[in-house]
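Asks: Taken in sequence, the protein lines are chains A, B and C. For the first sequence, the residue numbers in my numbering are 1 to 118. For the second sequence, the residue numbers in my numbering are 1 to 371. For the third sequence, the residue numbers in my numbering are 1 to 579.
Rather than coming from a laboratory, the hints here were simulated on the basis of the structure. By construction, the Cβ of each residue, glycine as well, lies at the ideal position given by its N, Cα and C atoms.
Restraint-style ranges between C-beta atoms, simulated for each label pair: (1) S362(B) with L10(C): 49 to 59 Å; (2) A126(B) with Y61(A): 19 to 29 Å; (3) R373(C) with V64(B): 46 to 56 Å.
One letter stands for each residue in the lines below.
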Amino acid sequence: MPNPWVFIGLFIIIAAIIPIGAIVVALILGPKKPNPIKQSTYECGLETVGDSLVQFKAQYYVFALAFLIFDVEAVFLFPWAIAMNKMPLYVALEGVIFIVILVAGLVYTWRKGALEWV
Amino acid sequence: MIDLALVLEWVIKSLVVIFMLLGGFAYLTWFERRILARMQTRVGPNRAGWQGLLQPVADAVKLVFKEELIPARADKVIFVLAPILTVVPATVLAVVIPFGTQVILFGRQVNLAVADINVGILFLMAVASVAVYGIVLAGWSSNNKFALMGGMRSTAQMISYELALGLSFVLVALMADSLQLSEIVEAQRTMWFVVLQPVGAIVFLIVTLAEVNRAPFDMPEAEQELAAGFHSEYSGMKFALFFMAEYQKMIVISIIAVTLFFGGYLGPFIGRFPWLGPVYVLGKVVALLFGMVWIRATLPRIRYDRLMDLGWKVLLPLVLGLVLITATGILLADEFGNSLVWSIPVVSILAGFLTVGLVDRSLRRKFNALR
Amino acid sequence: MTIPVSTETLDLAAKFPGIVTPDEREGYSGWIVKADELAAFAASLRDDLGYDFLSSVTGVDYLPEKKLEVVYHVYKTTGGPGLVFKVQLPRKKPEVPSLTPVYPGADFQEREAWDLLGIKFTGHPDLRRILMWEGFEGHPLRKDWKEPFYEEDIKPYSSRWPEGKHSYAEDRNPFNDNVQFPKQFDPEKWVPEGDAALYGALAEYRTTDEDGLDTDHIVVNMGPQHPSTHGVFRAVITLDGEDIVSMKPVMGYLHRNHEKIGERNTYLHNMPYTDRLDYFCSMTNNHGYALAVEKLTGIEVPERTEYIRVIMDELTRIQNHFILIGMLLNDLGAYFTPALYAFEERELILDIFEAVAGSRMMCNYFRFGGVARDVTPEILEKVSALAFDRLPRKADEFDRLLTENEILVSRCKGVGRLSSEDAIKYSMSGPSLRASGVPYDIRKADPYSIYDRFDFDVAVRYNGDTYDRYLIRLDEIRQSLRILQQAIRQIPEGPIQTGKSTYLTKTPAGESYGRIEAPKGELGYYLVSNGTGNPWRYHVRAPSFINITALESMVVGGKIADFVIVFGGIDVVLGEMDR
Chain A
1 MPNPWVFIGL FIIIAAIIPI GAIVVALILG PKKPNPIKQS TYECGLETVG
51 DSLVQFKAQY YVFALAFLIF DVEAVFLFPW AIAMNKMPLY VALEGVIFIV
101 ILVAGLVYTW RKGALEWV
Chain B
1 MIDLALVLEW VIKSLVVIFM LLGGFAYLTW FERRILARMQ TRVGPNRAGW
51 QGLLQPVADA VKLVFKEELI PARADKVIFV LAPILTVVPA TVLAVVIPFG
101 TQVILFGRQV NLAVADINVG ILFLMAVASV AVYGIVLAGW SSNNKFALMG
151 GMRSTAQMIS YELALGLSFV LVALMADSLQ LSEIVEAQRT MWFVVLQPVG
201 AIVFLIVTLA EVNRAPFDMP EAEQELAAGF HSEYSGMKFA LFFMAEYQKM
251 IVISIIAVTL FFGGYLGPFI GRFPWLGPVY VLGKVVALLF GMVWIRATLP
301 RIRYDRLMDL GWKVLLPLVL GLVLITATGI LLADEFGNSL VWSIPVVSIL
351 AGFLTVGLVD RSLRRKFNAL R
Chain C
1 MTIPVSTETL DLAAKFPGIV TPDEREGYSG WIVKADELAA FAASLRDDLG
51 YDFLSSVTGV DYLPEKKLEV VYHVYKTTGG PGLVFKVQLP RKKPEVPSLT
101 PVYPGADFQE REAWDLLGIK FTGHPDLRRI LMWEGFEGHP LRKDWKEPFY
151 EEDIKPYSSR WPEGKHSYAE DRNPFNDNVQ FPKQFDPEKW VPEGDAALYG
201 ALAEYRTTDE DGLDTDHIVV NMGPQHPSTH GVFRAVITLD GEDIVSMKPV
251 MGYLHRNHEK IGERNTYLHN MPYTDRLDYF CSMTNNHGYA LAVEKLTGIE
301 VPERTEYIRV IMDELTRIQN HFILIGMLLN DLGAYFTPAL YAFEERELIL
351 DIFEAVAGSR MMCNYFRFGG VARDVTPEIL EKVSALAFDR LPRKADEFDR
401 LLTENEILVS RCKGVGRLSS EDAIKYSMSG PSLRASGVPY DIRKADPYSI
451 YDRFDFDVAV RYNGDTYDRY LIRLDEIRQS LRILQQAIRQ IPEGPIQTGK
501 STYLTKTPAG ESYGRIEAPK GELGYYLVSN GTGNPWRYHV RAPSFINITA
551 LESMVVGGKI ADFVIVFGGI DVVLGEMDR
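Go ahead and model the full structure; you've got the sequences and the hints to work with.
Replies: And the structure:
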């Protein structure tokens, strides 16, 4: 039995061929008559004012920082979740303590007011 | 050692899965339009073919022959790459899902899964979040303000929901003692996980709606505010690919939900007739998809800062609590007898009601403060 | 509830000697105020006499007398008849102080008067064109302004009647296009001067927040071609992230100069044109216009007709409010289900309109001193089936399905708040005014037709947010049903038309202002007649247009998603806004 990850790699390639093929087919079959008006940026029928790629105010960047931390921590729970009842009791308890720390972290961020839009 | 028959079997299986998703996508659009129409006292597409069954074909033909526009100010490479980046993960998700046990086909034992890897859940988690790159890049490369905002919203949505999604995977891993999807399904032979952990299943279903950008969480393409959001500038086949990604993801996510909580391919007589597996999966998936369409026909859209509140202040604490409850319940059942496993659904439902009550109270306070 | 109506007679000439003189022309009423003292006069009117609601500002071009006149209509929000005052200006240099400091609701109306009549309002903060495009030459409502392919001042044009040598104006243009550009004008190279003024009026672009992070504002055009601006409304919005920093409305994309057309038409000609203002509510549009002309000519309306008119008005109100609720939910992102449920009810009401008027949307049903056709007993039976059974049931169903919906509540409560003071200040009218806690309904405050005979309440809500603007529509549907039920029970037999219906209505010289409580707010028609068969001046006080004045103050500080529902909750129709 070969490594299933080889299959997955090949599957990704096949899966990528379909959309690429679709775009290529459409490129061949579709008409091509570009003009400046057609290619202008859509902004409800008016010419766009100012630059679009600006220093956009992402009002949730604090969430994003918190997300990074919590997401990594959530991954640690997976091995514990599987091994929990094959291991001695204190392993399970350690996992519980870990979750409690996570909760405490969430409460802390919440209390700090980080879970609000800026 | 790779033998030729195995490769052939595998290629056939891959193509079957991919074309099943493609066909599923096409007919899901028809299904959705007809169901929505019936719910809205309309008729829906019924002209192309019997009951409009050829409508997806007509749409596909139209989209293939449309002009592909690339805005002059767009970043052309990324603009073309973005739809591909969105579609591929939506398809690849299906690779680890088991559609049944083993069937005998042409004298061969055929496993009804493309690649049943031992870290299936982690794979799902990883790939599901890749798809957001396509949307963000589409929004950014279009060089359009509506698209940019759509892309930013889709990031926001991802960071609000990924955590609750990951933790509901942990719930399943706890109950099944495995990350391999076929083992998870087998672990549900006695009882579906939706019975054991009903609140977890509900959270998972809510989160998947956000994951696939469906109403009421369709912020990135919020038609009423952002015209079309991240795909404002897309037309023709590239637009169709975004559409395809959304619907394929709907299907795949439903299959995942079925696998994790609704007993996957399990059903009556599955031991005697293993080929019933895919049929059961299909039936359950159609039921879940109907639910998604129903929700779309019913609910208005949540505002996007409120959605982050829901993700972080409601769902995340709730799921963390559920993980604790489930772990404790399993330990208790191990130590003091199997019937204590029923403490899990009971306490979970109580926790669910508590959460709903708290949300209700805080909302009511907020609205009273407005008076 | 009845609002006490004051019966005191005002002698403003004695109160403001040397500033105010009574308007003593034949057929006119009100007061003439000196231009220099206008602001002080208006402030005193508002603060001392309680005329806090500026209903309408418009101008009239008296070409033969070489005068321009600005006409103001003010009312008390506690009820009672209104007050008209005018300022007469030389036609050469028409300048009058702006009333925006006293009545901010004058903002758009003064811009409109500047745009169409060229009256300059000194001290107006942002006096730009509002309905015509920025490069337009001249002021089209001046009587000496002539459109391309001008034929005659008034209809019927002699080329069409009685000779009947009919030809389309467009046919005379080799390009099948009746646009004429001024000389030395190249539309490709032209940059509208208004654009700089418009974008310049918005806030500056770059901000630094407390953490020292630089972010840029972006300027987004919502509309004219946008799915949720209900037509071709355009809002230029500056956004900081998703927050609205400033907003400027731009309108006029659907402008057709309804008023100029109206001045060319004969009185009856104009009735079908009024259908096209608020195309959801052609019956109420007809009613307001008929009322203004009847006031001018003094025609009495028969009893039965009054009942028919009330029935049609209330049916119109019900269907309009149903559609508004459905479309508001659509703006919230509900995928068309509530909207289509609402359309089902509307179709049933339109069936009745079709039965009485022959047409579903563009009814053209009212006549001066009557209506076009009588209502048969079968139609009345249909109406009573709706009014007594189906519509009350459906109103309850909408209530049950929507009012408690968590998403609807959390998205609408506290969004787009407008205090009662601001609502009056900005001349908000109709349901949006009443949702802000001002119980002002013309049907009660200054009754027209036979509304004083019916027993109904003025719906009022007190929070002034979008949720209340939604709830008040349901309240009004229920009140309208009460009126409808009484009207159906009481409708007498009798003639439907006073005298003989004529094509050409001759009116005595004079002015009149007919106003009704249209579903969207106060709909007023201001008519000036010089004694011929065509109006000298025809002005529409369009509720959609004036209600939008307050929009800016309602959306700034909110999110872009809120803009859509606040705009949807005010209830506008572009056909009426742009006229």
